[in-house]
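Engineer: Taken in sequence, the protein lines are chains A and B.
By full-length UniProt numbering, the letter at position 269 of the first sequence is numbered 269, and the numbering carries on one by one without gaps.
By full-length UniProt numbering, the letter at position 124 of the second sequence is numbered 124, and the numbering carries on one by one without gaps.
Keep in mind the hints are simulated off the structure, nothing from the lab.
Owing to the predicted nature of the structure, the values given are computational and were not obtained by experimental measurement.
According to the in silico footprint, chain A covers these stretches of chain B (three or more CB under 8 Å from chain A): (1) 98 to 106; (2) 244 to 255; (3) 406 to 418.
Which chain B residues face chain A? A few, computed with CB under 10 Å, are given here: (4) Ala68; (5) Cys264; (6) Glu402; (7) Arg424.
Which bits of chain A does chain B cover? Going by a derived footprint, with three or more residues having C-beta under 8 Å, they are: (8) 41 to 48; (9) 143 to 155; (10) 235 to 247; (11) 250 to 258.
Each residue gets a CB set at the ideal place from its N, CA and C atoms; glycine is no exception.
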Amino acid sequence: MQKQAIFQSKLLPYALVAPQLAIVLIFFYWPALQAVIQSFLLQDAFGLSTTFVWFDNYIELFRDPAYFESIVRTFFFSFAIAVSSLSFALLLAVMADKPLRGSMLYRTLLIWPYAVAPPVVGVLWIFMLHPSLGVLARYLRALGIDWNPLLDGDQAATLIILAAAWKQISYNFLFFLAGLQAIPKSVFEAAAIDGARPMRRFWTVTFPLLSPTIFFLLVVNIVYAFFDTFGIIDTMTRGGPGTSTVTLVYKVYSDGLLGGNLGSSAAQSAILMIMVIVLTGIQFRFVERKVTY
Amino acid sequence: MALRHFGAAAALAVTVGFGASPAWAATEIQWWHAMTGANNDVIVKLANDFNAAQSDYKVIPTYKGNYADTMNAGIAAFRAGNAPHIMQVFEVGTATMMAATGAVKPVYKLMADAGEKFDPKIYLPAITGYYSTSKGEMLSFPFNSSSTVMWVNLDELKKANVDIPKTWPETFEAAKKLHANGHATCGFSGSWITWVNLEQLSAWHNVPLASKANGLDGFDTKLEFNGPLQVKHLENLVELQKDKTYDYAGRTNTGEGRFTSGECPIYLTSSAFFGNVKAQAKFNFTAVPMPYYPDVKGAPQNSIIGGASLWVMGGKPADEYKGVAKFLTFLSDTDRQVYIHKASGYLPITKAAYEKAKAEGFYKDQPYLETPLLELTNKEPTENSRGLRLGNMVQLRDVWSEEIEQALAGKKTAKQALDAAVERGNTMLRQFEKTAVK
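One chain only, chain B, in its complex shape (with noise of 0.2 Å):
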C-alpha cells in the first residue's frame, strides 16, 4: 500500500517537476556532426547561442567520428527508424545522399514549408552550386566549405631563390631547384590526390570530368578525366616522381606532416589546413592559387570546393523542421558567418559575410585565408566547375587512387591508368544507379 502511494506521489513530482522547467518544453533537435578540435568548439559555440536565443527549440550537437563514420551512422539510425535531423555529410557523400529520395527533406523545401524567409541568392553561388539541382534548388545547407590551395614555405623558396609559381611549368622548375636545394626527398608534393590532381585539375581548366555536368544533371552521368590534360599531367608526375622532385603523399592528407615539418616547401591540399599550418610551421608560409597550365585557353576557370554540408533528414513531424528552419536561418546571418569563418578557417558562406570580413581588413594580415574564395569566384562557373556529384565518390577516389599509384610506381603508363580508372568507375557509376531512387 505504502510503496503504491509512494510511486504515485513519486509520478506526480516528476511529471510537475518537468512540467514547470522549460527544458521540458523545447522540441529537441539533433545535430550529428563530424568537426573535432577547435571546429568542434565552434559547433557547441553555435548550438549553445542558439539555445539561448529562443527558448522553443535545443539544438543538441553530438560528434559521430569522421566524416565517413558520421555518415555510415546516420546512414545505419535511418535505417533503424532513428536518423538524427541534422546531418553534417562531406561532399563526397552529396550524391549517396541526394539519390535517397525520402530519406531527405531538401533545404529549399524545408525552408518554404515552414515558411522561413530564405534567399538562396545571398549565398556565394561557388558554394550553393555544389549542393543545388540544375535548377538552382539548394538541396543541403552548405555549413563547412574549403578548396584546394597552394602552401609555400617562403623561407625555404627564399633560400634557394625560387619565384612563388604560378603555372605548373613554373612549379615543375621550382621544385627541381628546391630539390636540387637541399629538397632530395621532396621537392613539391600534394594530398587527396584525385582531388587535386583529377577533380581539381579538370575544374581549373574548365575541362570535364564526367558527363551530364559531372554528374550534376542526372546519374546517367560517364567519366572523361582520360583526355589530354589529365594524361599530361599524370605523366609530368610521373616523370617527376622517379628522382622524387615530387613525392607521392599518399591518398588522403597523413602525408600534411611533411609540409609543416618543412620536408617539401611546395605542397598542395585543402585551405582548412591552415590551422595545422599556423600552429606548426615553424617558418614564413603563404597559400597561393593552385598552378595552371598556360596552353589551355582560358585557364584559369575556377576551383570546386570540399568540406561539408547540412542535410536534413526526412520523415520528422512538421514542429521539428520549423525549429531546424530557423536554425538555418540563425546559421546564415552574416555576424555568425564571419564569426565561422574567423573561428574556424572554412569559407563564410554568404555573400555578406565575405564582403564583413574584407571590410574588416581580414585578409590584410592573412591574406592566404582569401585565396580559396578567390580562387572559388575567379569566374562564373561553368558546367565543368559548378561541382561533382557522383555516386559512391568515397569508393570511386580509392579506385582512381589505385591507378594513379600504378602511374606512379610504373607499372602503367599514365593513359593506361586513367583509361583504366574511367573503366573502372563506370561500372561503379552504373551499379549506383542501379541502386538510386527512381
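Chain A with its partners taken away, still in its complex shape (with noise of 0.2 Å):
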C-alpha cells in the first residue's frame, strides 16, 4: 500500500499549526482551566486570603432556588431571542433580496445595528422604552397602557428580548442574505414553471436550501443569548425587577464582578460552560440531521 504523503517531513505539520494550537491553549483553554481550578477555591477580591473548598460553591449554588430560576429563564430567554431574531432577521432578508432600486442602502442599513456594543444598545432602547424618559413609552401610555418595566417583571423580560433579538438581526441577516444569494436562480425558475406560488417556493425551495445556514445561525445565536447578554441586562434592568431578568451569565458578571465573589462566579461559569458544550452537542446531533447541505 502506498501511503499518501504530502508532507516529507513529520514535524513540519506540526508546525504549521503549532501556532493556531498555542492560540487556542493560551486563550482558550487555560483561562478556562483556570476558571475550573478558581470554581474549588474561596477568595476575597484581592486575592489576599484562599482557601481550597472542594465543591462547596457548587453545592451553595444548587442549594439556591433561584438559581434554578435562572436555568429556567435563561434557556426560556435564548429560545425567544434566537427565535425573534431569527424569523424577524430572515423575512428582513427575504425581501432585501429581491432586485430593488437602493436595496444596496437598505443593506447596509440592516447591518449597522451589529456595530453596536451591547451596553450601547441598552441605552438606546432605554431612551425609546424607559418608563419616564422613553420616547414611545409616552406612547404607549398614552393608548393606556401602563408600561412600567421598573417594576412590572413580564415587561422587564420583554424589553430584555427586544433588545437583545434586534442586536442580533443584522449579523443573521448578513448570513441569510449570503444564502439567499447562494441559491441558483434555475431552481427558482424550474419551481415557478411548475406552477408553484412565492409562499410554496419558499417553504419548498428557499427554506430547506437555506436549512445549513439556519442550523448554523441557531447555534451562533443560543451562544449569543447564553453569554454576551449581560451588559444589555446591566445598562437595562440590572436583573430587575426583583430577578426577573437574572439570566445566568448576568449572574455571573454581577457574583464575580460586582460582587467581587470569584469562587461562585467560576463555579457558575464553569456549569454554564457544561450547558453549552451539551446543548451544542444535542444540536449537532439531532436537529442537524434536518440539515441538507
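Join the two chains into one complex using the hints; note that each chain is given alone, in its own frame.
Structural biologist: Pasting the structure below:
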C-alpha cells in the first residue's frame, strides 16, 4: 500500500498548526482551566486569602432555588431571542434579496446595528422605552397601557428580549442574505414554471436550501443569548425588577465582578460552559440530521 | 561600528537630557478616580496645583470609569502587582477595602510613618466616622462626601398650595395633593431606593440597620432592618405606589431626570444632584432635610454620608508614601477645602472649611448646599448613625432592591420582602466574613 505523504517531514505539519494550537491553548483552554480551578476556591477580591473548599461553591449554588429559576429563565430567554431574531432577520433578508432600487442602502442600514456594543444597545432602548425618559413609553402610556418595566417583570423581560434580538438581527441578516444569494436562480425558475406560488416556493425550495445557514445561526444565536447579553441586562434592568431578568451569565457577571465573589462566579461559569457544550452537542446530534448540505 | 557609536551617543544624550530635567527627579504618584465633567476639572486642578507647589512629587490623576469600574480596575491592578498609590473608592466599597489587610495602607498609619502633621479632630466627625475604626483611627481620606436630601420644586408646590413637608406623613399628604393637581404619574419619588429608604431612614431614626454598630465593630454583623419602622415605611410606599402618588424610579439615579423635567415635584436623592438641578431645572427649587416619622422618639437623629474617599494602596516604597502623605495634607488645607466645596457641591471635610464657607455667606444664596451638613451634624452620631460597613455592599444593595421591588409590584408584603432581604443579605455577609483576611 502506498502512503499518501504530502509532507515529507514528520515535524512540518505540527509546526504549521502550532501557532493556531498555541493561541487556542493560551486564550481558550488556559482561562477555562483557571476558571475551573477558581471554582474550588474561596478567595477575597484582592486575592490575599485563598482556601480550597472542594465543591462548596457548587453545592451552595444548587441549594439556592433562585439559581434554578435563573436556569429556566435563561433557556426561555435564549429560545425567545433566537427565534425572534432569526425569523425577523429571515423576513428582512428575503425582502432585501429582491431586485430593488437602492437595495445596497437597505442592506447597509440593516447591517449597522451589529456594530453597536451591547451596553449601547441597552441605553438606546432605554431612551425609547424607559417609563419616564422613553419616547415610545410615552405613546404606550397615552394609549392607556400601563407600561412600567421598572416594576413589571414580564415587561422588563420583553424589553431585554427585544433589545438582545434586535442587536443580533443584523448578523443573522448578513448570513441569510448570503445564503439566499447562493441559491441558484434556475431552481426558482423551474419551480415557477411548475406552477408553484411564491409562498410555496419559499417553503419547499428556499427554506430547505437555507437549512445549513439556519442551523449554523441557531447555534450561534443560542451561544450569543447565553453569553453575550449581560451588557444589555446590566444597562437596562440590572436583573430587576425583583430577579425577573437575572440570567445565568448576568449572575456570573454580578457575583464575580460586582460582588467580588470569584469562587461562586467561577463555579457558575463552569456550569454554564457544560450547559452550552451539551446544548451544542444536542443540536449537532439531532437538529443537524434535518439539515441538507 | 558607526551604528554602535550612534547608539551610545543617543543613550548618553537621553541620560543627560532627562537628568537635567526636574520632571525626572520627581517621584510619580498615581491617583485613580471616577470623577467626570466639572468634578474631573476639580481633580485635575488639585493635582496641577500640588505639582506646581513643590518639585519632589508629581501627582498624576487618571480617570478609570465609574465608581465600580475604578474599584475593579484597582483590584485587578493590585492582583497584577501594579496598583496605583491613591484610589478613589465609593462609600459602599469601604468594607471590601478595609477587609483587605495588606492591600491598603491605613491613612492614620501613613501619616504617622511619613512624619506628617495629622490631627483627626480637625475633620468633621460625621464624615470621618464612616471611614474610621471604632478607636477613631482614620483608614481612608474622605474626598467627596454627600448625603440624602429632599429636592423640592417650589413652583409646583405653590401651584398646588402645598407647604414644604417636614415629616413623612406631611410628605405623603403633599404628594397626594400634588398627585390630584396635575402630577398623576408621580407625586414624589427618589433614587437609590435602599440608600434612601433603608440605610438613611434607619440612621435618621436612630434604628439599627445591622448589629455591631452597623458593621463598624466587626464583620460578624447581622442585618436587622426588618423592624417595625422600616416595615411601616415600606408599607406606606407600597400603598402610595398603587395609584402612582409615589412612583418607583429605579435602583440607581437614572430616575433623577423626573425631578428636573418637572414630572416629580418632590424627589429624595443625593445632595450631589445639585450640579444637574442647577443646570437643568427651569423652576425654583430647594433642598430640605429628609422627612422623619414624628412618632419615633428622638427623630431626627443624623444622616450618614455617601460619596467616596481616597484609599492608599499597600506595598509601596517609603519615599512614595511621603509624597502621598504630603498630598493629603495639601488637600486638608482650609482654602482648598472651601474651593472643592464650592466647585463641586460636595461637602467640606474639615470644620474650619465649613466655618469659613459659612462666614463668607456662601449659604445665604444657596441654603440648600448647607442642608446635608445640617443633617450630618444634627446630633452627635450614635451606634446606629455613625456609618455602615457591610461587605459586598454593591451586591447587597441589589439584593435588597430586588426584594423591595417585589413588594412595590405587589408580589410580596412589605414584611415578607424585608425578611427575605435580611435573610439573603445575611448569607452574603457570612460568605464575606469567610473570605475577609484575618
